[in-house]
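Peer 1: Read off the chains here:
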Amino acid sequence: MRSIVLLSALLLVGCSRDENVMQEVADRPFLVQLPPGAPPLPVPAANPLTNASVELGKKLFFEKRLSDPSVVSCASCHFGNAFADTVAFSIGSNGSLGFRNAPTLANVAYQERLFMDGGIPDLEYQVLAPIHDALEMNSDINAVALLLRDEEPYKSLSLLAYGRTLDAFVITRAIASYERTLVSGWSRFDRYLYANDASALTAQELNGWNIFSSAATNCTGCHSGFDFTDRDYHNIGLTTDHSADEGRARITLVSADIGKFKTPTLRNVALTAPYMHNGSLATLEEVVDHFATGGLAQANLSPQLQPFTLTAQEKADLIAFLHALTDDRSLDQVP
Amino acid sequence: MRKAFWSAVLAGVLLVGCDKQHDPDPYTPPALPTGGIRLKVTPLWEGALFDKYTTYNNVMDYRVQVQLIKLYLSDLHLLSDLGEHHLSDAELFKLTDGSSYVDLPAPAGNYTGLHFGIGVPEDLNHQDPTQYDANDPLSVSNGMHWTWADGYRFVVFDGRFDTLGTGVGPLPELFSIHTGMDTCYRELTFNALPITIATGGYTQVDIKFDLAKFFYSATDTIDLEIDNQAHGANITLAGRLSDCMAASVSVQ
Chain A
82 MRSIVLLSAL LLVGCSRDEN VMQEVADRPF LVQLPPGAPP LPVPAANPLT
132 NASVELGKKL FFEKRLSDPS VVSCASCHFG NAFADTVAFS IGSNGSLGFR
182 NAPTLANVAY QERLFMDGGI PDLEYQVLAP IHDALEMNSD INAVALLLRD
232 EEPYKSLSLL AYGRTLDAFV ITRAIASYER TLVSGWSRFD RYLYANDASA
282 LTAQELNGWN IFSSAATNCT GCHSGFDFTD RDYHNIGLTT DHSADEGRAR
332 ITLVSADIGK FKTPTLRNVA LTAPYMHNGS LATLEEVVDH FATGGLAQAN
382 LSPQLQPFTL TAQEKADLIA FLHALTDDRS LDQVP
Chain B
-7 MRKAFWSAVL AGVLLVGCDK QHDPDPYTPP ALPTGGIRLK VTPLWEGALF
43 DKYTTYNNVM DYRVQVQLIK LYLSDLHLLS DLGEHHLSDA ELFKLTDGSS
93 YVDLPAPAGN YTGLHFGIGV PEDLNHQDPT QYDANDPLSV SNGMHWTWAD
143 GYRFVVFDGR FDTLGTGVGP LPELFSIHTG MDTCYRELTF NALPITIATG
193 GYTQVDIKFD LAKFFYSATD TIDLEIDNQA HGANITLAGR LSDCMAASVS
243 VQ
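Residue numbers (our numbering), protein chains in the order written: chain A, 82 to 416; chain B, -7 to 244.
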């Protein structure tokens, strides 16, 4: 179907060599540079990364007319090199505060399900949520498509990338494609671990890594692997009143899931304050203090949590290690 | 010149080959005489036509004003002794201002009943919503999609209330009960319901929801003072509303 549409378009505009070359370039796979140690990038066959799709996605990511009124874009809440916000709840287009703390988009391509409760099955689908959420963009993706579809570069890029006029399908696919390119793994920790650069970490950071990996703190009980997450859902005892947000149970409707949230990545964690699903912890020091308590006792409290004690120096070392997970280069690879 | 000759011959052969009059189909089945059905959905309050400007007293003797009611009916089938006729996957009815209807094609004939679900069935509920254009009942533009839950809101039921049944003036409290998630889907079958679809027009079938009964059933009563909000989090209340709604339906 796509080739038929493209063929028709080419016939209509005259099948010049320049246009063929343009299409060929647009169709070329966009090769995401993966850091050492990164697993292969999961890309759905139905939405391959191409030069045109990621370029279109990036433009849409920064497009404020996705919102109503046109005052916020995806980048308004996902900015900086962590592609996260710096407030507990982001401010939506009509001034409302969001439901949860805006997460980092670093390595979002590796997430098996989206949202902290895992309610959304893929990245393409996820794009719909903030656009339609009255607390975020308060808009209608079909109305947005009508607004932008005849405007350049959206008109041309949409045809080049997906062989069709800009619509809800194209907007969701393109933004998802751009977000998939935001791969994190360029930190000093990565250089130490995957590039055999022994000088990349300080003695304090190495000690912090040991504390992070120790059985006493059991941080790696949940924050494990290349992306420092088990992709599972845990109740970490942040509160005993979950009436404002039941977490995973909101989706599964199972009481055993009340208060459980998806383990976040720790990449660029020094840049993503405030922390937790509700942004209730302002600093990494407060986060470590919380986990040291073992969390507030409750039925669903994760068995991974256990109280521990750190000296002031050990706590500083642990936090220094977390700072070493900050990327040295931009996650944005799309020109 | 020779090339043009052979081109003309080829064109002639193609034209002859395409002329169906010279190659009649040995058997053409008679086309089914078709008609249509108009499904008209009407909100009532205790049997009378519902009016959004009227303040009613509900089963708890609370003053109640319903300000928004939208719902999906789906998997719509006509039933007959010979089988089922599929009418539509899903239709959205906005009932705040009164009745709403949809016209659907249906083969002429005699039917014995109607089957439908309140909500969106599981196989449709989790499909990619961007596949539907803005005019489709399942379009995200209808404001019924709960993207966070990978599915649709089935019913939106909002309004105001006052627990003091003899009160006057503005209603101080809000209720907003939205159902969704697969567990809130309710299927209804109305048998022994003779429906005759004639050719050349739409036969009207009336589906009526009695909004007063949204607050109670034979086995349950929803006390708005206690249970007045459901947006995915309070799925128990959403399920109770779904049961009350299902019990409130009549078809004529």
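Quick caveat, the hints were computed from the structure, so don't treat them as lab data.
A few of these clues could be false.
Distance windows between CB atoms, simulated [to be verified]: (1) 44/B x 150/A: 25 to 31 Å; (2) 361/A x 162/B: 35 to 41 Å; (3) 162/B x 397/A: 55 to 61 Å; (4) 115/B x 296/A: 43 to 49 Å; (5) 215/B x 390/A: 46 to 52 Å.
Examples of chain B residues lying across from chain A (beta carbon under 10 Å, computed) [stated by the list, open to error]: (6) 220; (7) 224; (8) 227.
We treat Cβ as the ideally placed atom computed from N, Cα and C, and that holds for glycine.
Peer 1: Confirm or reject each hint.
Peer 2: A quick look at each hint next to the structure:
no.	hint	verdict
1	44/B x 150/A: 25 to 31 Å	29 Å, holds
2	361/A x 162/B: 35 to 41 Å	36 Å, holds
3	162/B x 397/A: 55 to 61 Å	58 Å, holds
4	115/B x 296/A: 43 to 49 Å	47 Å, holds
5	215/B x 390/A: 46 to 52 Å	49 Å, holds
6	220	14 Å, violated
7	224	6 Å, holds
8	227	5 Å, holds
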